[in-house]
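With the hints as constraints, model all of the structure from the sequences given.
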Amino acid sequence: MMLLAAINQLWHAAPLIVAISLVYAGTRHEDPQAILGHAVRLGVWITGFMGVVAALLFVIAWWL
Amino acid sequence: MSQVTIKSGDNESVIELKDPAIAAFLAWLIPGAGHLYQGRTTKGLLFMICILGTFFYGLVLGNGKVVYASWRPNDKRLPYLCQVGAGLPALPAMLEAYRQRHGRPPLFGGMMVPPRFPENNNGKDELAEWHKDLNRNFELGTVFTMIAGLLNILVIYDAWGGPMQYAEEKKDKDKQDDKQKPG
Chain A
1 MMLLAAINQL
11 WHAAPLIVAI
21 SLVYAGTRHE
31 DPQAILGHAV
41 RLGVWITGFM
51 GVVAALLFVI
61 AWWL
Chain B
1 MSQVTIKSGD
11 NESVIELKDP
21 AIAAFLAWLI
31 PGAGHLYQGR
41 TTKGLLFMIC
51 ILGTFFYGLV
61 LGNGKVVYAS
71 WRPNDKRLPY
81 LCQVGAGLPA
91 LPAMLEAYRQ
101 RHGRPPLFGG
111 MMVPPRFPEN
121 NNGKDELAEW
131 HKDLNRNFEL
141 GTVFTMIAGL
151 LNILVIYDAW
161 GGPMQYAEEK
171 KDKDKQDDKQ
181 KPG
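Residue numbers (my numbering), protein chains in the order written: chain A, 1 to 64; chain B, 1 to 183.
A few of these clues could be false.
Quick list of the computed label-pair ranges, beta carbon to beta carbon [as the list claims (entries may be wrong)]:
#1 A:I60 <-> B:P105: 49 to 55 Å
#2 B:G110 <-> A:A55: 40 to 46 Å
#3 B:G110 <-> A:A14: 25 to 31 Å
#4 B:D19 <-> A:L10: 18 to 24 Å
#5 B:I22 <-> A:A61: 48 to 54 Å
#6 A:L57 <-> B:D75: 30 to 36 Å
#7 B:L78 <-> A:A55: 28 to 34 Å
#8 A:A13 <-> B:R116: 30 to 36 Å
#9 B:N63 <-> A:W62: 34 to 40 Å
#10 A:A61 <-> B:L81: 29 to 35 Å
Not close to chain B: a few residues of chain A, all C-beta gaps over 10 Å, as computed [what the hints assert, rightly or not]:
#11 Y24
#12 G43
#13 A54
#14 L57
No lab work stands behind these hints, which were simulated from the structure alone.
A virtual CB, placed ideally from N, CA and C, is assigned to each residue, including glycine.
Next comes the structure, spelled out in structure tokens:
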């Protein structure tokens with residue numbers, strides 16, 4: 001139940017990742033296509049990084 | 001008038017930055033407004049939606065209490081330094097702090113008013129009550145509004161000097177030129 005509650009809280013990260021990716025990419029390019037492409041790559045990178053950190057924390061918590 | 005040239009693959013385009021100082025000020029005041037002033041409408045709208053959306057989402061999560069200006073000995077609200085980067089939407093907090101200091105009633109139904117402490121609130125610690133009532137949403141709302149303010153700093157830079165890609169490409173070009181120099 002604790003894990004499910006924590007996963008529900010993670011949904012707040014979705015709009016934040018979208019906003020950060022789009023704004024950051026927007027400050028790097030002028031062409032909308034380039035902005036979108038960069039934003040998608042950055043969004044995937046952030047999500048992957050968060051996933052790896054979450055997995056590490058989960059393993060550490062399970063192990064200890 | 002100021003302008004920068006952007007290279008995207010084989011295409012080269014010129015961006016009119018108009019008056020960069022005015023654009024930067026407008027970009028701070030209302031996220032995206034600097035770009036709209038420069039005629040960069042798509043980016044202006046993108047920044048406006050993303051930054052204002054993030055700011056107001058955080059404000060709603062925190063029930064309007066997470067953005068307040070306070071520099072009292074027992075409550076130095078450092079997150080406000082980031083939140084004020086979002087410009088006009090965060091400025092009522094300063095007005096509310098001023099009004100509270102001078103004993104005047106709040107203007108916006110208690111939004112953005114600094115919490116009162118036990119010494120002037122019949123022994124009640126309002127900040128502790130907000131944390132108890134809002135639970136983790138207080139922190140989430142604070143983080144969202146802070147990130148909105150910090151993102152707007154990137155946008156202000158973009159309105160002032162054009163996309164950062166330009167600076168990177170210029171650096172790469174300088175490196176290539178250095179390599180091509182004889183000796």
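The hints, checked one at a time:
1. Between I60 (chain A) and P105 (chain B) the beta carbon distance is about 51 Å. The supplied range of 49 to 55 Å therefore holds.
2. Between G110 (chain B) and A55 (chain A) the CB atoms are about 42 Å apart, so this pair conforms to the stated range of 40 to 46 Å.
3. Taking 25 to 31 Å as the suggested C-beta distance range, the pair G110 (chain B) and A14 (chain A) conforms, at roughly 30 Å.
4. Judged by the Cβ atoms, the range 18 to 24 Å given for D19 (chain B) and L10 (chain A) is violated: they are separated by roughly 43 Å.
5. A C-beta distance of roughly 52 Å is found between I22 (chain B) and A61 (chain A), which places it inside the suggested range of 48 to 54 Å.
6. In this structure the hint that L57 (chain A) and D75 (chain B) lie 30 to 36 Å apart at CB holds, the actual value being about 31 Å.
7. Take L78 (chain B) and A55 (chain A): their Cβ atoms lie about 32 Å apart, and the range 28 to 34 Å holds.
8. Distance hint for A13 (chain A) and R116 (chain B): a CB-CB separation of about 33 Å, consistent with the stated range 30 to 36 Å.
9. Separation of N63 (chain B) from W62 (chain A) is about 35 Å and conforms to the stated range, judged on CB atoms against 34 to 40 Å.
10. A61 (chain A) and L81 (chain B) have their C-beta atoms about 34 Å apart, which keeps the hinted 29 to 35 Å range intact.
11. Against chain B, the non-interface label of Y24 (chain A) is violated: not every CB pair exceeds 10 Å, the least being about 7 Å.
12. In this structure G43 (chain A) is separated from chain B by more than 10 Å, as the shortest Cβ-Cβ distance comes to about 12 Å.
13. Non-interface status of A54 (chain A) relative to chain B is upheld: no Cβ of that chain comes within 10 Å, the nearest being about 17 Å off.
14. Separation of L57 (chain A) from chain B is adequate, the least Cβ-Cβ distance of about 17 Å exceeding the 10 Å criterion.
Checked against the numbered hints given earlier, the structure breaks hints 4, 11 and satisfies all the rest.
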